[in-house]
Amino acid sequence: MKIQPLDDRVLVIPAGEEETTASGIIIPDTAKEKPRRGTVAAVGNDEDLQELIKEGDVILYGKYAGDELSYDGTDYLILSQGDILAKLS
Amino acid sequence: MKIQPLDDRVLVIPAGEEETTASGIIIPDTAKEKPRRGTVAAVGNDEDLQELIKEGDVILYGKYAGDELSYDGTDYLILSQGDILAKLS
Amino acid sequence: MKIQPLDDRVLVIPAGEEETTASGIIIPDTAKEKPRRGTVAAVGNDEDLQELIKEGDVILYGKYAGDELSYDGTDYLILSQGDILAKLS
Amino acid sequence: MKIQPLDDRVLVIPAGEEETTASGIIIPDTAKEKPRRGTVAAVGNDEDLQELIKEGDVILYGKYAGDELSYDGTDYLILSQGDILAKLS
Amino acid sequence: MKIQPLDDRVLVIPAGEEETTASGIIIPDTAKEKPRRGTVAAVGNDEDLQELIKEGDVILYGKYAGDELSYDGTDYLILSQGDILAKLS
Amino acid sequence: MKIQPLDDRVLVIPAGEEETTASGIIIPDTAKEKPRRGTVAAVGNDEDLQELIKEGDVILYGKYAGDELSYDGTDYLILSQGDILAKLS
Amino acid sequence: MKIQPLDDRVLVIPAGEEETTASGIIIPDTAKEKPRRGTVAAVGNDEDLQELIKEGDVILYGKYAGDELSYDGTDYLILSQGDILAKLS
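Residue numbers (the numbering used here), protein chains in the order written: chain A, 1195 to 1283; chain B, 1195 to 1283; chain C, 1195 to 1283; chain D, 1195 to 1283; chain E, 1195 to 1283; chain F, 1195 to 1283; chain G, 1195 to 1283.
Read the hints as simulated data drawn from the structure, not as lab findings. Just so you know, even glycine gets a beta-carbon here, dropped at the ideal spot from N, CA and C. Incorrect hints may appear among the rest.
Stated by the list, open to error - Taking CB as the label site, the calculated pair distances span:
#, chain 1, residue 1, chain 2, residue 2, range
1, F, Lys-1257, A, Ala-1236, 23 to 31 Å
2, F, Asp-1269, E, Asp-1266, 51 to 59 Å
3, E, Gly-1267, D, Glu-1241, 40 to 48 Å
4, B, Lys-1196, C, Lys-1257, 15 to 23 Å
5, D, Tyr-1258, F, Met-1195, 35 to 43 Å
6, C, Lys-1248, A, Ala-1209, 48 to 56 Å
7, D, Ile-1207, B, Gly-1250, 28 to 36 Å
8, C, Lys-1257, E, Thr-1233, 43 to 51 Å
9, G, Met-1195, E, Glu-1262, 39 to 47 Å
10, G, Thr-1233, E, Thr-1233, 47 to 55 Å
11, D, Lys-1248, A, Ala-1236, 35 to 43 Å
12, F, Lys-1257, B, Glu-1245, 50 to 58 Å
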């Protein structure tokens, strides 16, 4: 079974809050409202969205954006396109 | 007699709150604002909606979304398309 | 003299609050925000509305939706299309 | 001199609050938010409005809708089309 | 030098508050929210507006609508089209 | 270096608050919410805006409209088109 | 790895708050709500945006606009097009 987001939504696996990436992004967890980072697990059926975002993309989004969901031991977020600030490429 | 949702609304039979599915989705009821899961019982006449959602689909939606209704001993929710976060497929 | 709703409005005769229908719909009056049921007495001139709703249809709507009106000893509600959640068919 | 409403507005002469019509409409003044009744004295230049409402029509509108105006000893209301709930025909 | 309103705005010279016109309009100043009356001094460049309102028109508008301006000893109001309830013709 | 407003914005040099113009505009500073006056220093790239407002125009705008900016010893305001009430011509 | 803003967003490197430019812009940090200045590091995929703003442009934006992000020791802001007040050219 797969979680398929609708319309302009994406399913995201959030990065751990304390994480430091190889390329050096540090998103201090103490800061309020700083964007967070996650990996796209599934993309909704909206065509504009599908041109911008693919499965596997690493994206940044607002700290309080989206709805949380637990599935098979993994924590997900379901975000709308408008919640996505940037992608890392 | 049948409950036929209008426009972009769907009629949903919510899953029990304590439920654990075979595939392992656990939606802890203690968490605030976590999405809930239900089975679509009827789909409104909106064409875009009907392409995305069919009777029998299992969908996720916000915890406080929709209007409750009791019918023949079954509890239903009437959701708008915008309340649907994802479907499980 | 007849009450003719305008645009996308319908004139509805609400079902009694304590009513139990033959088909078994029970809408407990103690519950907050549960939808209520009524019979359509007249339909506005909006064409989309007229395809969806006919005089005589039984519809469900939000508990606090619409404007009340007394006429010839009958209590009515005037609802907008957006207030209608579903019809029973 | 004539009062000519603009756009989608109508000029209305409200019925007296205590009035009982021959056809039996009673709009109890003690009820809050019940619609009120008036006779259309002039119609704005909006074409959609002019198809729906004519001078002389008796209409129902929300109790607190519109702007009051006194003219030649008559009390008027200036309503927008959206304030009109139904017409009596 | 001339004050030229932009877009859908009109420049209005408000009538004195205590005024009684020859035709008998009395707008009692004690009433709250009653519309007021003024003479149009200039009309914005919006084409729809220019079909409805000409320089010299006497219009009615909400008591608290518009922005006040003093110019050469005259008090003006700058109103938007939506603030105009009716014109007297 | 030049400040170039974007879209439908204009860069304005506000007139001194105590100023009395040769043509006699007095905008008493004690009055609340009275419009203020300024000279347009630059116009955004929006085409509709550029037809209405040119560099050098004297415009009126709401007292609390816009964002302030200091540049080379001059105080500016950056206004949106909707903040402009009228121009003096 | 590169931060690529989505849609109508831009990635900006804010100027230091105490800075005085060669051309003399002083944006006193004590003033409330004064616009701030930054250099565009990346532009979203929106075509209208890309005509107005290029990488390297110096732009002004509201003091509280945007989302902060730290990357490789640099502080960034992610702004929407509507947050950009002007560019310096």
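Do the hints match the structure? See the list:
1. F:Lys-1257 / A:Ala-1236: 23 to 31 Å: violated, 51 Å
2. F:Asp-1269 / E:Asp-1266: 51 to 59 Å: violated, 27 Å
3. E:Gly-1267 / D:Glu-1241: 40 to 48 Å: holds, 42 Å
4. B:Lys-1196 / C:Lys-1257: 15 to 23 Å: Holds, at about 22 Å.
5. D:Tyr-1258 / F:Met-1195: 35 to 43 Å: violated, 55 Å
6. C:Lys-1248 / A:Ala-1209: 48 to 56 Å: Given range 48 to 56 Å: holds, Cβ gap about 54 Å.
7. D:Ile-1207 / B:Gly-1250: 28 to 36 Å: This hint is violated: roughly 57 Å between Cβ atoms.
8. C:Lys-1257 / E:Thr-1233: 43 to 51 Å: At 50 Å between Cβs, range holds.
9. G:Met-1195 / E:Glu-1262: 39 to 47 Å: violated, 57 Å
10. G:Thr-1233 / E:Thr-1233: 47 to 55 Å: Check passed, 53 Å falls within 47 to 55 Å.
11. D:Lys-1248 / A:Ala-1236: 35 to 43 Å: Cβ of Lys-1248 (chain D) to Cβ of Ala-1236 (chain A): about 56 Å, so the range 35 to 43 Å is violated.
12. F:Lys-1257 / B:Glu-1245: 50 to 58 Å: Since Lys-1257 (chain F) and Glu-1245 (chain B) have Cβ atoms about 52 Å apart, the given range 50 to 58 Å holds.
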